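Chemist: Whole structure, please, built from the sequences with the hints as guidance.
In order, the protein sequence lines correspond to chains P and Z.
If you count the first sequence from 1, you need to add 40 to reach my numbering.
If you count the second sequence from 1, you need to add 40 to reach my numbering.
A few of these clues could be false.
Identical copies look the same in the list; a pair holds intra-copy or inter-copy alike.
[Claimed, not checked] Restricting the straight-line Cα-Cα distance to at most 20 Å, the calculated cross-link-like pairs of lysine to aspartate or glutamate (EDC-like) are: (1) LYS150 / GLU274; (2) LYS150 / GLU355; (3) LYS150 / ASP84; (4) LYS150 / GLU186; (5) LYS150 / GLU62; (6) LYS150 / GLU422; (7) LYS150 / GLU320; (8) LYS150 / ASP77; (9) LYS150 / GLU76; (10) LYS150 / ASP398; (11) LYS150 / ASP412.
Hints were generated in silico from the structure; no laboratory data involved.
All values derive from a computational prediction rather than experimental measurement.
There are 2 protein chains.
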Amino acid sequence: VDGRSVEARQRASPSTSRPSAERLRLTYLLTCQAGEDPHAKARDIAHEQTVELPAACLSPEIAERIPGEVTALEASTESRWRAVLSYDVVTVGEDLPQLLNLLFGNISLKRGILLTEIEWPPSLLAYLQGPRFGIEGLRALCGRPEGRPLLCTAAKPLGLSATELAHRCSQFALAGLDIIKDDHGLANQATAPFAERVARCQEAVATANARTGGNSLYFPNLTAPAPELAERAELARAAGCRGALLSPLLVGLDSMRWVAATSGLAILAHPSLAGAFFHETHGIAPELLLGDLFRVAGSDGVIYPNVGGRFPFPESACIAINSRLRQRLGNVRPAFPVPGGGIDVAQLPYWIDRYGPDTMFLIGGSLYAQADLVQAAARFREAVERG
Amino acid sequence: VDGRSVEARQRASPSTSRPSAERLRLTYLLTCQAGEDPHAKARDIAHEQTVELPAACLSPEIAERIPGEVTALEASTESRWRAVLSYDVVTVGEDLPQLLNLLFGNISLKRGILLTEIEWPPSLLAYLQGPRFGIEGLRALCGRPEGRPLLCTAAKPLGLSATELAHRCSQFALAGLDIIKDDHGLANQATAPFAERVARCQEAVATANARTGGNSLYFPNLTAPAPELAERAELARAAGCRGALLSPLLVGLDSMRWVAATSGLAILAHPSLAGAFFHETHGIAPELLLGDLFRVAGSDGVIYPNVGGRFPFPESACIAINSRLRQRLGNVRPAFPVPGGGIDVAQLPYWIDRYGPDTMFLIGGSLYAQADLVQAAARFREAVERG
Numbered sequence: 041v042d043g044r045s046v047e048a049r050q051r052a053s054p055s056t057s058r059p060s061a062e063r064l065r066l067t068y069l070l071t072c073q074a075g076e077d078p079h080a081k082a083r084d085i086a087h088e089q090t091v092e093l094p095a096a097c098l099s100p101e102i103a104e105r106i107p108g109e110v111t112a113l114e115a116s117t118e119s120r121w122r123a124v125l126s127y128d129v130v131t132v133g134e135d136l137p138q139l140l141n142l143l144f145g146n147i148s149l150k151r152g153i154l155l156t157e158i159e160w161p162p163s164l165l166a167y168l169q170g171p172r173f174g175i176e177g178l179r180a181l182c183g184r185p186e187g188r189p190l191l192c193t194a195a196k197p198l199g200l201s202a203t204e205l206a207h208r209c210s211q212f213a214l215a216g217l218d219i220i221k222d223d224h225g226l227a228n229q230a231t232a233p234f235a236e237r238v239a240r241c242q243e244a245v246a247t248a249n250a251r252t253g254g255n256s257l258y259f260p261n262l263t264a265p266a267p268e269l270a271e272r273a274e275l276a277r278a279a280g281c282r283g284a285l286l287s288p289l290l291v292g293l294d295s296m297r298w299v300a301a302t303s304g305l306a307i308l309a310h311p312s313l314a315g316a317f318f319h320e321t322h323g324i325a326p327e328l329l330l331g332d333l334f335r336v337a338g339s340d341g342v343i344y345p346n347v348g349g350r351f352p353f354p355e356s357a358c359i360a361i362n363s364r365l366r367q368r369l370g371n372v373r374p375a376f377p378v379p380g381g382g383i384d385v386a387q388l389p390y391w392i393d394r395y396g397p398d399t400m401f402l403i404g405g406s407l408y409a410q411a412d413l414v415q416a417a418a419r420f421r422e423a424v425e426r427g
Numbered sequence: 041v042d043g044r045s046v047e048a049r050q051r052a053s054p055s056t057s058r059p060s061a062e063r064l065r066l067t068y069l070l071t072c073q074a075g076e077d078p079h080a081k082a083r084d085i086a087h088e089q090t091v092e093l094p095a096a097c098l099s100p101e102i103a104e105r106i107p108g109e110v111t112a113l114e115a116s117t118e119s120r121w122r123a124v125l126s127y128d129v130v131t132v133g134e135d136l137p138q139l140l141n142l143l144f145g146n147i148s149l150k151r152g153i154l155l156t157e158i159e160w161p162p163s164l165l166a167y168l169q170g171p172r173f174g175i176e177g178l179r180a181l182c183g184r185p186e187g188r189p190l191l192c193t194a195a196k197p198l199g200l201s202a203t204e205l206a207h208r209c210s211q212f213a214l215a216g217l218d219i220i221k222d223d224h225g226l227a228n229q230a231t232a233p234f235a236e237r238v239a240r241c242q243e244a245v246a247t248a249n250a251r252t253g254g255n256s257l258y259f260p261n262l263t264a265p266a267p268e269l270a271e272r273a274e275l276a277r278a279a280g281c282r283g284a285l286l287s288p289l290l291v292g293l294d295s296m297r298w299v300a301a302t303s304g305l306a307i308l309a310h311p312s313l314a315g316a317f318f319h320e321t322h323g324i325a326p327e328l329l330l331g332d333l334f335r336v337a338g339s340d341g342v343i344y345p346n347v348g349g350r351f352p353f354p355e356s357a358c359i360a361i362n363s364r365l366r367q368r369l370g371n372v373r374p375a376f377p378v379p380g381g382g383i384d385v386a387q388l389p390y391w392i393d394r395y396g397p398d399t400m401f402l403i404g405g406s407l408y409a410q411a412d413l414v415q416a417a418a419r420f421r422e423a424v425e426r427g
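Modeler: As structure tokens, this is what we get:
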């Protein structure tokens with residue numbers, strides 16, 4: 041971690057207590073009930089998320105500085121309003137859990153509040169850092185600099201032994217897929233304990249690479265109880281893995297940031313639990329949670345459920361996630377969009393055309409449905425190579 | 041942590057790979073769209089949450105053991121069905137993030153699925169352990185064994201200096217409140233950095249106790265970036281604090297379990313972000329998330345938004361949370377329900393009568409609205425002592 045003493049760090053992390061010129065600007069779409077005043081609703085958010093007291097209980101200095109300012113409020117549709125709230129960055133400090141709290145903590149318990157946009161202050165981006173590899177770095181790890189989409193699949197199902205999972209990894213590697221990740225439900229179950237699984241799967245992929253001259257990578261699932269996260273990351277590194285899968289909402293978004301910042305592993309983020317936030321009038325917009333937030337918290341690639349697969353996810357959200365992950369955002373590297381959740385190989389040409397080359401396609405079930413896994417995976421690779 | 045080597049622990053944590061007699065039973069309320077088959081929806085959950093493959097892709101052994109079994113399915117109302125799914129405990133292992141994943145991970149991204157009940161296998165409860173203090177232990181810490189409700193308030197607002205917050209803590213302690221917690225948005229901001237705040241607030245409360253002969257406790261907010269959580273817990277312990285506030289959904293539920301298991305601090309859990317899960321037809325029922333899950337993950341008290349306060353929370357949910365936190369659950373200690381979020385002192389007699397003595401009342405804003413904080417807090421204490 042960081043070599044300074046606890047107290048030095050606790051003292052040092054906030055840089056100043058003077059009002060900052062930098063502001064954190066948040067846009068919410070407010071849905072008002074009959075008789076609900078959008079101005080009052082916006083002001084209520086500004087107070088609820090910071091001081092948790094009415095203005096009458098605050099000193100003028102705090103009332104001026106802390107609750108945030110409603111800088112814009114405009115009608116979106118008849119009962120919906122777009123509100124922009126601007127906060128002094130001192131309310132967050134260098135603290136991702138506190139950022140989540142400010143964005144949606146208490147107001148999650150209210151109604152009709154959808155976070156749709158974050159305007160990131162440079163100081164917060166500099167602290168969070170984002171992906172350590174990003175699109176370019178992940179391409180380099182895979183030895184695929186040439187600009188075609190990357191190919192990803194999952195070793196599964198839960199219930200197989202480590203040896204059986206390793207055999208599947210080997211088949212995918214023989215077919216030349218770029219990244220073979222654990223299914224996100226593979227944790228440390230007795231059927232294929234983490235240490236044994238990582239050793240066998242990594243070895244199987246290395247052996248297959250040696251045979252083909254290829255460069256497939258195995259990404260184990262690091263999602264783990266809090267005290268074991270760092271150990272599992274070390275174990276994966278020691279086994280030779282270059283990246284890992286993590287479900288940030290299962291372990292805490294900041295735990296992912298920390299693993300990304302310290303492990304040296306590339307991070308593929310899984311959206312497990314994310315759907316809790318995806319309601320039409322209340323929550324966090326999918327492109328903001330899976331696009332912006334997962335990216336700034338260190339994801340080199342973000343898995344999301346593609347439209348038309350097993351999950352009822354709109355195409356507009358997919359397009360918006362792709363765009364958020366790739367767009368310019370200060371010095372934060374772009375990350376790979378990883379559509380999955382039921383893409384069929386037969387549909388790949390359409391999706392490649394639609395999503396472009398800087399995409400990682402995750403195909404699992406549609407390979408397993410075929411008799412010969414090596415051939416199925418090879419057809420996946422060929423479909424992408426044809427473009 | 042645990043003195044065994046990483047590999048020994050990774051090997052040891054799952055106890056066996058043979059099918060277990062113990063089952064984890066989950067009840068979901070399914071809301072079906074026109075034409076949607078509730079049987080198919082229940083089976084889909086069983087597969088989506090485990091193997092993520094259709095039955096045709098599974099070996100008979102895995103198909104039999106892993107996807108879980110739909111053991112009951114009955115109509116609840118016209119479009120709603122109650123489904124009970126039963127899983128081999130091997131699918132979870134000793135792993136709270138993987139439990140969350142099994143409960144609601146991928147299906148969060150679907151629609152019309154509400155988790156309403158968990159039947160806990162004894163082995164999982166034995167691993168999770170629950171509160172270290174519980175109702176009895178927290179009463180003992182506060183020196184209030186006699187069976188009246190406990191009194192809790194919050195030092196706020198964000199923006200005050202550590203000295204100013206400590207002054208408020210002192211006033212509450214002079215009035216004899218049992219627990220004075222940080223407001224949950226106080227993290228490590230420059231306005232009142234954690235280390236300085238803890239030192240000053242704890243000292244202020246100790247000084248007030250020495251004057252009154254009382255036993256007020258100061259609980260700092262531990263919610264922090266992942267690598268600083270253990271350090272802040274140590275710092276709080278070293279300062280003499282006996283408990284702390286934590287927002288488990290901001291840091292990850294398992295991080296709270298870990299702090300509860302290792303820090304020696306009593307844990308008051310805050311529901312920040314929890315509302316994302318509280319939708320009528322999709323999510324996790326409030327009494328299950330704040331009652332069962334927060335309790336088994338180590339909360340000695342759980343804060344929730346009381347009906348009629350600032351949050352639109354139904355009374356039925358409050359009653360159900362109270363009941364879940366207190367009811368018999370294997371060897372897991374009961375935890376204090378902590379209704380808050382806008383309770384007025386004037387209404388306390390009603391709520392004491394309604395919720396009973398094993399309740400901790402959290403009153404903040406209604407004290408701050410009064411001119412003299414010591415007198416306001418004393419009226420709060422007297423209202424509870426009168427019962």
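Chemist: Looking back at the hints listed earlier, which ones does the structure fail to meet?
Modeler: Hints 1, 4, 5, 6, 10 and 11 are the ones this structure does not satisfy, whereas the remaining hints hold.
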